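Colleague: Sequence:
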Amino acid sequence: MRALSLLLCTASSALRDGWVVGDVVLGPRRAARTRALRDASLQRTRERLEARWKALDDEVDHLREHRRTIFNDELKFKRLKREKLQVKDMLAALARRAPPPSIVLGAGACGTVYSAIHEKTKEPAACKIARTGEGRRSLKTEYEFLRRARKTCGLTVVEALALLDNIPSPEDGGEGSALLMARLGPSIDDLFWATTCGAGFSGETVLHIARSMLSALAGLARADLVHGDCKPSNFLVSDKDEIILTDFGTCRERNAPADDAAVVGTPRFASSNALRGEAPSSSDDLEACAYALAYLLTGRLPFAADYDDRTTLKASSDSALADAKDAVAPDLLCASSRKGEAPFDAAASVCAAFLREARLARTQGRDPDYHALVPFSKPCEPDWRAAGVSWDDSGAIHLADYDSCTT
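Count the sequence shown with mature numbering (1 follows the signal peptide of the UniProt record, and there is no 0) and you get residues -16 to -1, 1 to 391, in order.
Since the hints were derived computationally from the structure, they do not count as laboratory data. Mixed in with the good hints there might be a few duds.
Heads up, simulated BS3-like pairs for lysine-lysine below, C-alpha to C-alpha not over 25 Å straight-line [claimed, not checked]: (1) Lys65 - Lys106; (2) Lys106 - Lys224; (3) Lys124 - Lys135; (4) Lys224 - Lys124; (5) Lys38 - Lys62.
Now the in silico label distances, taken between C-beta atoms and shown as ranges [to be verified]: (6) Asp45 - Ala371: 51 to 61 Å; (7) Asp376 - Asp149: 38 to 48 Å; (8) Ala330 - Gly372: 21 to 31 Å.
The structure presented is a predicted model; accordingly, all values stated were derived computationally and were not measured. Ideal placement from N, C-alpha and C gives every residue a C-beta, glycine not left out.
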């Protein structure tokens, strides 16, 4: 038993130590937390070498200009050129010691997400850093909710690797907390714009996404959790095209007391109950997914106004948006000129079923029947694969025609 405890302790220590964001080493090894180019001694060395190189360059140029008119010491000229090359090599060596820049994967209300990598194993990760007191408390809660959700949701929820306190921020070195998570690919929203330019996914792709959403929501319900911000940008894609839910910064326990200043998620996709500031329920996430799927299918939502895609606090205008959402009939959620195509109609019926079941479950005070909502469809190649979309380790999308969609 003692040997097992020692092994687990060693594994836990290895998991928490050695993560690097840019030139900042996270974890307990405070001595390793250096910022190479901002370190005073290295900065002075670089400045001294640059000044010496400039002086040598000026002197060599001066000698070169007068070589034909006056007597010059050829040995001195060669020595200066040799020293100039040596200084240039030292500057290049110093530049090679500089760490890679910090890569920002995303940013939200609770913190900024950076790309991280483990020094020894080279395992990639996403590192969410919060510096304010409220943000650090929120990060701890998010870590606990992620671990709790992972037990019931499995692979449909992002894996939380570690929570670190009192670490330097990659931006200015200020103290903060870091949540390390498994690094995944781009979001569904990024792929939506890269692949379709906002026109809408195919019905088959939307059904593929819907199945994964239902699996995640069913797991959250078993854990008595409500995500609170289900939207396309919070569902990431793995290399195997698995759809994985992330960003639990707005997650709360089911039926938690309502808070007038609570984060309600993203107004465009939030449920009408969330916009009114009512206690969270599993129906809220299902309703949000209905709007997200309809948006991915048609590129628009049938609301009276266009609301931005940012997570916000509850506002007085939210009640008007909630009324507009309640006025939408489920069968009219996916109005489009593509209606009549079999794949589109199948996906549109699933969106309507999501919204209908969310409202019914809320009225009856029960959990949604997720199993009855699972759509039947054959395995398909997602639109982003058919379009030849690829991405690198940082989640950056590579597609020849992508720039033409975003300019």
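Colleague: Take the hints in turn and mark each one as holding or not.
Modeller: Structure-based check of all given hints:
Of the supplied pair hints, the one linking Lys65 and Lys106 is violated, its CA atoms being roughly 41 Å apart against a limit of 25 Å. Taken as a hint, the Lys106 and Lys224 pair is honoured in the structure, with Cα atoms around 20 Å apart against an allowance of 25 Å. A threshold of 25 Å between alpha carbons decides the hint, and for Lys124 with Lys135 the separation of about 17 Å falls inside it, so the pair holds. For the given pair, Lys224 sits about 30 Å from Lys124 by alpha-carbon distance, which is inconsistent with the 25 Å threshold.
This hinted pair checks out: Lys38 and Lys62 have alpha carbons roughly 17 Å apart, not beyond 25 Å. Against the hinted window of 51 to 61 Å, the Cβ-Cβ separation of Asp45 and Ala371 comes to about 55 Å, which satisfies the hint. Taking 38 to 48 Å as the suggested C-beta distance range, the pair Asp376 and Asp149 does not conform, at roughly 31 Å. Take Ala330 and Gly372: their Cβ atoms lie about 25 Å apart, and the range 21 to 31 Å holds.
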